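**Student:** Kindly generate the complete structure, drawing on both the sequences and the hints.
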Amino acid sequence: MSKDKSAKIPTPQPVRGTQDMLGDFADRFAYVVETFERVRRLYGYKRIEVPVIEPTAVFARSLGETTDVVSKEMYSFEDRGGESITLRPEFTAGIARAYISNGWQQFAPLKVATHGPLFRYERPQKGRYRQFHQLDAEVLGSDSPLADAELLVFADQLLKELGVAEGVTLTLNTLGDAASRDAWRAALVEHFMGRKADLSEDSLARLDKNPLRILDSKDPRDRPIADSAPDIDAFLTNEAQDFFGAVTAGLDAAGVAWERNARLVRGLDYYRHTAFEFVTDRLGAQGTVLGGGRYDGLIENLGGPPTPAVGWAAGIERLAMLLADDLIDTRLDFVIALEDDGRLMFAMNALAALRNKGFATEIVATGSPRKRFDKAGKIPARALISIGTRDGEPYVNIRGDDELTISGSAIISAL
RNA sequence: GCGAUCAUAGCUCAGUUGGUUAGAGCGCCGGUUUGUGGUACCGGAGGUCGCGGGUUCGAGCCCCGUUGAUCGCCCCA
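First residue of the first sequence: 25, per my numbering; consecutive thereafter.
No lab work stands behind these hints, which were simulated from the structure alone. Keep in mind the model is a prediction, meaning the values are calculated, not measured. Treat the hints with care, as some may be off.
With a straight-line Cα cutoff of 16 angstroms, these simulated EDC-like cross-link-like pairs (lysine to aspartate or glutamate) come out [what the hints assert, rightly or not]:
| id | residue 1 | residue 2 |
| --- | --- | --- |
| 1 | K220 | D232 |
| 2 | K233 | E214 |
| 3 | K395 | D365 |
| 4 | K402 | E386 |
| 5 | K242 | D222 |
| 6 | K233 | D206 |
| 7 | K399 | E386 |
| 8 | K233 | D92 |
| 9 | K220 | D243 |
| 10 | K150 | D305 |
| 11 | K381 | E427 |
**Tutor:** The structure is reproduced here in structure tokens:
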């Protein structure tokens, strides 16, 4: 060890937009995942694992022509063989690729769920990171509106069981089938062209690239124009109308509250019919907690057979931030304060016995013996055991939760 | 890619119109209580004030640059 400060080794900085978690937030994170794993079983969704890395084509092809996303917001690199690899920015495309690769058509309709890290090369802000984590649920190979409805009921129950449903609203829209969508899009472009002079600069650019996006613009100049734009309803084919009606009927039957948001859109062309977001105003600019929709065109885009599918994803960090403060009890059962090092072996024996009986137990046996009781008292635990010597005799004292005090005494006196 | 705000001890922050040896709380380490006791008292360690230039007799404070963070815009699969 050198004390020469000039020889100090510089500490590498974490990659921008990544995070380290310890304690409270890590516990919340795990709680979200555990709850998801429990609830997805209730709905019969199979656990699925797909790679974190995929050939870039998996995402580039699924995302189509949306240049910004592909060119600027993916983590891509060349491997040693010269192949372009991308860190997955979403689950859906990888799962769709796996569905084709493994011939999972034989299992259709296939209900799957997964969770894990995703990567997007974006500017970090509240609830938005470069490495982030999502829960994901998909139904592949079903064209039934019941699949959409079930997925939404699943999502609704998950949010309720997490205790975050308060202040979170399910907003729902339909993008219709291909024919409905094309007709609506044409009408929107015509509407916006007529008001071109009043649109914001951003929306003028959207008019070329992605006119549907003008509908959810945040710019106050765009709002009156967006609000007066035609809804898709007048352009829906009978089939599309029936489909949406069946989804909402399914939600009503299951008692799931929802709101129509005729301004909710998706940028990518493979989206059909149902589009939805669970939104909150508690997360700053990143208000979407869980979102998804039907993507009947995606698997075909990847070279697979025409396959209807629907799914959603939810940000684990965002859900973790919404959890109530006192939701998770991370207290130990016991904490032992060893106040006399002469009793160390006895204390270790007691520690092992308590742990073997299934009690979460920690020991404080370092530092000034006189301070160990105070130190132990600061560790969150339901009962405190002090072990020491009094009048030359060993003594053990347990205080705290009544039941634990009794079972703890029994275990220790049996030693 | 754009904008705003910020950067002082391990953590959370003070630091007055630029003026001697840069402070507090928490945490850490040690001591005190001859105690059945839980946030007490005393002491200690720990800081090139993000980094690099500049202005000045003198800069934590002012100016420029740079790096990073936060929040927002764009984008949002």
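**Student:** Now, for every hint given, state plainly whether the structure supports it.
**Tutor:** So, going through the hints one by one against the coordinates:
1. K220 / D232: holds, 12 angstroms
2. K233 / E214: holds, 15 angstroms
3. K395 / D365: Holds: K395 and D365 sit about 13 angstroms apart, inside 16 angstroms.
4. K402 / E386: holds, 12 angstroms
5. K242 / D222: Distance of about 14 angstroms is within 16 angstroms: holds.
6. K233 / D206: Holds, because 15 angstroms separates the two Cα atoms, which is no more than 16 angstroms.
7. K399 / E386: It holds: about 12 angstroms lies between the C-alpha atoms, which stays within 16 angstroms.
8. K233 / D92: Measuring from Cα to Cα gives roughly 10 angstroms; hence the hint holds.
9. K220 / D243: It holds: about 14 angstroms lies between the C-alpha atoms, which stays within 16 angstroms.
10. K150 / D305: holds, 13 angstroms
11. K381 / E427: The given pair, whose Cα atoms are some 14 angstroms apart, holds under the 16 angstroms limit.
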